[in-house]
Structure formats: structure tokens, C-alpha cells
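On the provided structure of chain A, position chain B with the ligands as indicated by the hints.
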Amino acid sequence: MSTASPGTLLICEHCDTVYRRRTLERGEVARCACCLAELERHQPLGVNALLALVLTAMIVFVQANMWPIVTLGLNGQYSGTTLWGMIIAMWQQQAQVVSVLAAVTLFFFPLTKMLVLGWLLWFARAGRRAPGFVRLMVVLHHVGPWTMSEVFVLGALVAIVKAHTYFDVVADPGIYAYAALTLLITIFAGVDLRQLWDLTREDPA
Amino acid sequence: MSAFPRAAELGLIGCHVCGLTCRSGPGDEYLEGGHMVCPRCGSALHRRKPNSFVRTWALLITGFLLYIPANVLPIMRTASLNDIDDNTIISGVVELWVKGSPDLAVIVFTASIVVPMLKFLSMGTLLLSSQRGSDWARPQRAKLYRLVEFIGYWSMLDVFVVALLTALVRFGLLSLVEPLPGVIFFGLTVVLTMLASMSFDPRLIWDGRDTDD
Ligand SMILES: [Zn+2]
Ligand SMILES: [Zn+2]
Numbered sequence: 077m078s079t080a081s082p083g084t085l086l087i088c089e090h091c092d093t094v095y096r097r098r099t100l101e102r103g104e105v106a107r108c109a110c111c112l113a114e115l116e117r118h119q120p121l122g123v124n125a126l127l128a129l130v131l132t133a134m135i136v137f138v139q140a141n142m143w144p145i146v147t148l149g150l151n152g153q154y155s156g157t158t159l160w161g162m163i164i165a166m167w168q169q170q171a172q173v174v175s176v177l178a179a180v181t182l183f184f185f186p187l188t189k190m191l192v193l194g195w196l197l198w199f200a201r202a203g204r205r206a207p208g209f210v211r212l213m214v215v216l217h218h219v220g221p222w223t224m225s226e227v228f229v230l231g232a233l234v235a236i237v238k239a240h241t242y243f244d245v246v247a248d249p250g251i252y253a254y255a256a257l258t259l260l261i262t263i264f265a266g267v268d269l270r271q272l273w274d275l276t277r278e279d280p281a
Numbered sequence: 005m006s007a008f009p010r011a012a013e014l015g016l017i018g019c020h021v022c023g024l025t026c027r028s029g030p031g032d033e034y035l036e037g038g039h040m041v042c043p044r045c046g047s048a049l050h051r052r053k054p055n056s057f058v059r060t061w062a063l064l065i066t067g068f069l070l071y072i073p074a075n076v077l078p079i080m081r082t083a084s085l086n087d088i089d090d091n092t093i094i095s096g097v098v099e100l101w102v103k104g105s106p107d108l109a110v111i112v113f114t115a116s117i118v119v120p121m122l123k124f125l126s127m128g129t130l131l132l133s134s135q136r137g138s139d140w141a142r143p144q145r146a147k148l149y150r151l152v153e154f155i156g157y158w159s160m161l162d163v164f165v166v167a168l169l170t171a172l173v174r175f176g177l178l179s180l181v182e183p184l185p186g187v188i189f190f191g192l193t194v195v196l197t198m199l200a201s202m203s204f205d206p207r208l209i210w211d212g213r214d215t216d217d
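Residue numbers (my numbering), protein chains in the order written: chain A, 77 to 281; chain B, 5 to 217.
Think of the hints as simulated: they come from the structure by calculation, not from any bench.
Treat the hints with care, as some may be off.
Unchecked claim - Residues from chain B that keep clear of chain A, each with C-beta distances beyond 10 Å, as calculated:
#, residue
1, S47
2, V58
3, I65
4, L108
5, V118
6, L122
7, Q135
What the hints assert, rightly or not - Computed spacing ranges between beta-carbons, pair by pair:
#, chain 1, residue 1, chain 2, residue 2, range
8, B, E13, A, Q139, 50 to 60 Å
9, B, D89, A, N151, 41 to 51 Å
10, A, Y242, B, I94, 17 to 27 Å
11, B, P54, A, W160, 31 to 41 Å
12, A, W167, B, V98, 25 to 35 Å
13, B, R52, A, P120, 25 to 35 Å
Since we're looking at a predicted model, the values are computed, not measured.
Glycine included, every Cβ here is placed at the ideal spot set by N, Cα and C.
Excised from the complex, chain A in its bound form (with noise of 0.2 Å):
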């Protein structure tokens, strides 16, 4: 074995500066002594909380795309518009790059860290390495720092306060289901998807 005892182990990411791991007490956060950077912390959920909450995150995503996020109002007519209206609009206005940009940021990648997520939650549940396993933990990892709801969010209300002084301006039920997907994003900011290689085993029994 080449490995040098893997999970007695541990490297800051910032410093390199190497620890060895010891098990975390409830609310506890290791950082790094030398660059103070976070180490590990405390993971109070277990797989069936975080499988609940990934399902539940797919329930109000799906219910973000399909109901419309705002509609304005102007001498009678009105205009509303989903997430896909956005990126379609984007698109058909000659501005590609940014259709593309909402399309993956806000649609692509987080249904793929979702549905991913979920399909290995599923097997952890036993102990069990998804098939895919090792490729979708990969996935997850670069997916990560690319998923931008949050942003998504604080830009609807920025438009809403910047359309309000022309239009009557009336927030749609998908402004919510974006409001509760950011809570749920919130929740999950704190959660090291990494344990999922040491609560699985490499060959299910």
C-alpha cells in the first residue's frame, strides 16, 4: 500500500501543513494552526437528514423552473417570466454567452450536484459505493463552485426594486421556491461531501 494511513492523515489544503485527524465534538470546526484556514468540521447531519434534504432541494427546484419568478404590469398588459423565458430571451437577443452562463450556473449544474448527490445518498444509506461512484464524487467536486441561485436570488429582488418604478410589479410564487432553494443551499453550505468516502465501503457486502 502506498497510501500513508489514509484517515489518520490530515493536509491543509491552504498551507500544507500536515495534522493528524482526530474525531470532531458536536459544533466543533478544526483549523489549520499555521493559516487558520477551516481543516474540518463537525458533520451533525447524517446520510438519511442530508438524503431528505437533497429531495426536498429537488422538489423546490423543479417547482423554481416551472412557475413564473416575476410578472410586471403596464396599462393593462402584463409580462411574466420562468427561469428558461430568461435564458431563452438572452439567447434570442444576441447575448449567447450570457444565455449560456445562466443556463449552466442556474439550471445544468445544480440539477447535476442534485441528482447526483441524491443517487449517492441513496446507496450511502447502506454503507454502499454508488455505481459511478468514484467518476460522480469527481463530478461533484468540479461542479461545485459553479452553482449560482443565491446570486440568482439577490438579482431578482434587484430587479423587481428597479422595475418598480415603472411597472406594477407582482412576485410570483417561483420567487419563493428560489427563496426556499437558497435556505436549503444555505443548510448545505456547511456540509463536507467528502465524508462520503469514508462512509462508504469500496465493495458492497
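Then chain B with the ligands, alone, in the frame of chain A:
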């Protein structure tokens, strides 16, 4: 500095993707095509991110060059019956301020101007000081890097605002919003600066020339 044992000195490498601690050195079993591969997740193992300085500089400078048209060119046109108004990032902030939402104006200003500028200045400083192997304010520089990484993607805010308004304000001749090229440059700036901060290796901050022993 030797109070802290460093992985590179102990012949260890942490996998950047899955976090596994691996032993590096001659006689590795997990060599694949000349470079080391993590035995757990199959990702390439590097003591430091490859060509970190060159890559980060290239991405940062390109991002900065695109940030200029992003600010100079208008990002959005609002057209109504007798009036066409082209907005830049700054004029959009000013409008929010004047129309009575100073709090949101501050948020948009922060996301669109302060954060990108902070990124250019911070990453530039981090690159220069790390290339010189400086031991100046290392903990603060490490903290600065983590801040830049954490807030970087919020700059996409204005891009989403323009996109949403474009889709919403479609009242034919009465009122119409169109995206203008500035918003494309701005979106690309955000992506490039995110890539720049990802390709920078924060461990380089601690790799002083005179602290190896
Ligand atoms: Zn550290
Ligand atoms: Zn790995």
C-alpha cells in the same frame, strides 16, 4: 516556520479532489503516464497546482482586459415610446441610489465594482508576493485569498439582473429592455476571475525561499 510539518517535506501529497493523504516519492505504484494519480479518486496529484503563477496571471490579466469594456460599454438598453436610455454598470447603481434604494445600490456596487477590483488587486498582490517568496503578512494574505474565493461568484449579480429585466420588460413599443455588449464582457470577466482564483495555489504563499529549513 519549522514548527509546522509540511506535507511536501514529509513526502506526502494531499489529493486536491478527494482529500486523501498519499505518499509521494520514487517507487510509486500509482504512476500513470508520467504523473501521479490519486489511488482513491483517480485525479492527478500535484505537490502544487501546475504552472499556477503563469496560469493565474494569464487568466487575471485577460479578465482585467475584459473588465474595461464591461464598464465602459453599456450593459442594458431601456427603450420606451420617446426615449432610449443606455445603462452602464455605474449608471445602473446611480439610478438605484437616486430612485430611493440606496441599500440595494450599495449591494450592486459591491458585487459589480468592489468585488472585481478587490479580486484584481488581491490576486495581483498574492501573485507578486508569492513569486518573490516574501514572508510578509502570510496569515493575512492566506485570509485574503480565502475571502476572494468565497465572494467571487457574487459578481454575477448584475448579469442576472439584466437577463431578468430583458425577459420581463417586453411591452412592444411602450417599453423594452435589451442586453448590450457590456453585459457579455462582464459575464466573461466574472468567469475568468473565478478561474484565476481557482488556478492560484494558496500553498505558494507559504513556500518561502528562505524558510525551507
Ligand atoms: Zn493551513
Ligand atoms: Zn483523490
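Okay, the hints, checked on the actual structure:
Here B/S47 does not stay apart from chain A, with its beta-carbon only about 6 Å from theirs, under the 10 Å limit. Here B/V58 stays apart from chain A, with its beta-carbon at least about 20 Å from theirs, past the 10 Å limit. Every CB of chain A is more than 10 Å from the CB of B/I65 (nearest about 20 Å), matching its label as outside the interface. Not every CB of chain A is more than 10 Å from the CB of B/L108 (nearest about 5 Å), against its label as outside the interface.
In this structure B/V118 is separated from chain A by more than 10 Å, as the shortest Cβ-Cβ distance comes to about 15 Å. With 10 Å as the threshold on Cβ separation, the claim that B/L122 sits away from chain A holds: the shortest Cβ distance comes to roughly 17 Å. The beta carbon of B/Q135 is kept farther than 10 Å from every beta carbon of chain A, the shortest such distance being approximately 17 Å. In this structure the hint that B/E13 and A/Q139 lie 50 to 60 Å apart at CB holds, the actual value being about 52 Å.
At about 19 Å, the CB distance of B/D89 to A/N151 disagrees with the hint of 41 to 51 Å. In this structure the supplied range 17 to 27 Å holds for A/Y242 paired with B/I94, their Cβ-Cβ distance being about 20 Å. Checked against the hint of 31 to 41 Å, the C-beta distance between B/P54 and A/W160 comes to roughly 38 Å, which is consistent with it. Evaluation of the 25 to 35 Å hint for A/W167 and B/V98 yields a pass: the beta carbon distance comes to about 29 Å.
For B/R52 paired with A/P120, a C-beta distance near 34 Å keeps the hint of 25 to 35 Å intact.
Violated hints, listed in ascending order, are 1, 4 and 9; each of the other numbered hints is respected by the structure.
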